[in-house]
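Colleague: Note that the protein sequences, when read in sequence, are chains R and U.
Numbered per the working numbering, the first sequence finishes at 268, counting up by one with no gaps.
Numbered per the working numbering, the second sequence finishes at 230, counting up by one with no gaps.
One or more hints might be untrue.
[What the hints assert, rightly or not] Reference excerpt, derived from the structure (chain U facing chain R, CB under 7 Å, subset only):
hint, residue
1, Asn58
2, Arg62
3, Thr90
Derived from the structure by calculation, the hints contain no laboratory data.
All residues carry an ideal CB built from backbone N, CA and C; glycine is no exception.
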Amino acid sequence: MGTVTGRRAAYERARKRRSTVVATVSSLAVVTAIVVLVPKMPRWDRVHESFFNGERFANSLPRLLDAFVLDIKIFAWSMPAIVSLALLVAVTRNSRSAALFPLRILTIAFTDIMRGVPIILWIYLIGFGVPGLGIDRPWNSPLIWGSVALVLTYSAYIAEVFRAGIESVHESQRAAARSLGLSSWQTMRHVVLPQAIRRVVPPLMNDMVSLQKDVALVSLIGPIEILRQAGIDKSKFANFTPYIAAAAVFLLITIPLTRTTDWLIERQRRRTTGTRIS
Amino acid sequence: MSAAKISLRDVHKAFGTNSVLNGIDLDIAEGSVVSLIGPSGSGKSTLLRCINLLEPIDDGEIFLDDIDISIPGFDANPVRRRIGMVFQNFNLFPHMSVQDNITLSPVRTLGVNKAVARAKAAELLERFGLADKVNAFPDQLSGGQQQRVAIVRALAIEPEVLLLDEITSSLDPELVGEVLDVVRELKTSGMTLVLATHEMGFARDISDLVCVLDGGHIIEQGLPGQVFSAPKSDRAQQFLERIIRAGRL
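All chains, please: the whole structure from these sequences, using the hints.
Modeller: As structure tokens, then:
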């Protein structure tokens, strides 16, 4: 194992060299095509000026980064709320106690309704509707109710992720726990949930990447976070470059998150399935 | 009739339209070893699961020390702490170390102090030759070791009765012996044991009472010598002949 002798190893080396060459050549071809062809488009000069203006980029970036702090704040307080509410919904929905039947129906209605309507609509409805009830400052802030809308919709999606995890734990695990005298709640808490959560970490991370971007939707009802700040700069200077700058700031956060997610998925696949079929 | 530890009276159980137990009557004396044998699907495992109240029965009664534990709504958790169970596929908790598997129930359900539970676990592991596995995870153990840990886990709550559901059926042949040795030791210690098994030779050697199940009925029950050498019913005879032809006895 691991030695570089033998015909198998020679074959693997040759194959690896070949795929490296193919990958390099094809990547270069694609990049060259873009770099050479796009500037040949008739209006490239104007697009270049209004989307990729270096001066505007440098001018906007500090303001955008400042505004991005608000995105991070919304994310930071929404995420724990989402995970807690989603867990609560998933556990309630999976409970088998007859007494919880009305709550189970409620959780089903909750997930169906929250997932059945676009997030933007919820942000408008809750963000404008609830403060409209005449709640006093500071509790009528669109920031709060926009976040609440995010929390409710995302909890519905993530509850389903948790539910899939809970249902993937084999019935025999419950049988073993119950046979030891554990109550159904103790079984859930100590045996089922720890296994379920471990299994759903990768898809959960995926949803966290989405949340990180959807935080920007809260700007629709007022708060000045990065997307709205980019819009303001765009209008002020009649130039779209701030949007490109905002996109770059998002990528700065989402790409590492996405890479981590893929790495987690890959690690879990290796742990659970062993060898890989090429 | 001596006072039975567990008594079953006319127990019926069906899954949908598939009736699995059709009127089981059985007395399990304290400190005795009772083996349930019979073809696959005859109801052995279901019977054990019913005794542990993992499956509610449709009709009949199950008594533990003369108390009817099969009354609908009877609190099953305290009963299960008195009747331990070991499963065919071990069912260890994969996310917990051997030690945590064993101490989970004593700590959570009996309120035993964690340090005390750990000491007790160490003692039991020592007794069954698993002392070095205390911090291992189930995946790192052989099947035989996993099953012995599962037995220790069931013993840690100090049950009065232990139900063993085909505990050697998913083991490689060379690992069966180490698990059966544990069962022999438990018999010596005076524990009441009820086992569903396909290990006929073992059942003959260890049992005080052997029951042959077929189609949800106990078609034959008696001392092992009598059941294995001179079964009274035709169907029990046929079953044992098949077993002997297959070289399992």
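Colleague: The structure should be examined with respect to each hint, and the outcome stated for every one.
Modeller: Going down the list of hints, with the structure as the test:
1. With a least beta-carbon distance of about 5 Å to chain R, the hint placing Asn58 of chain U at the interface is held under the 7 Å criterion.
2. Interface restraint check for Arg62 of chain U: the shortest CB-CB distance to chain R comes to about 4 Å, inside 7 Å, so the restraint holds.
3. For Thr90 of chain U, the interface hint holds, since its Cβ comes within 7 Å of a Cβ in chain R; the closest pair sits about 5 Å apart.
Hint compliance for this structure: no hint is broken.
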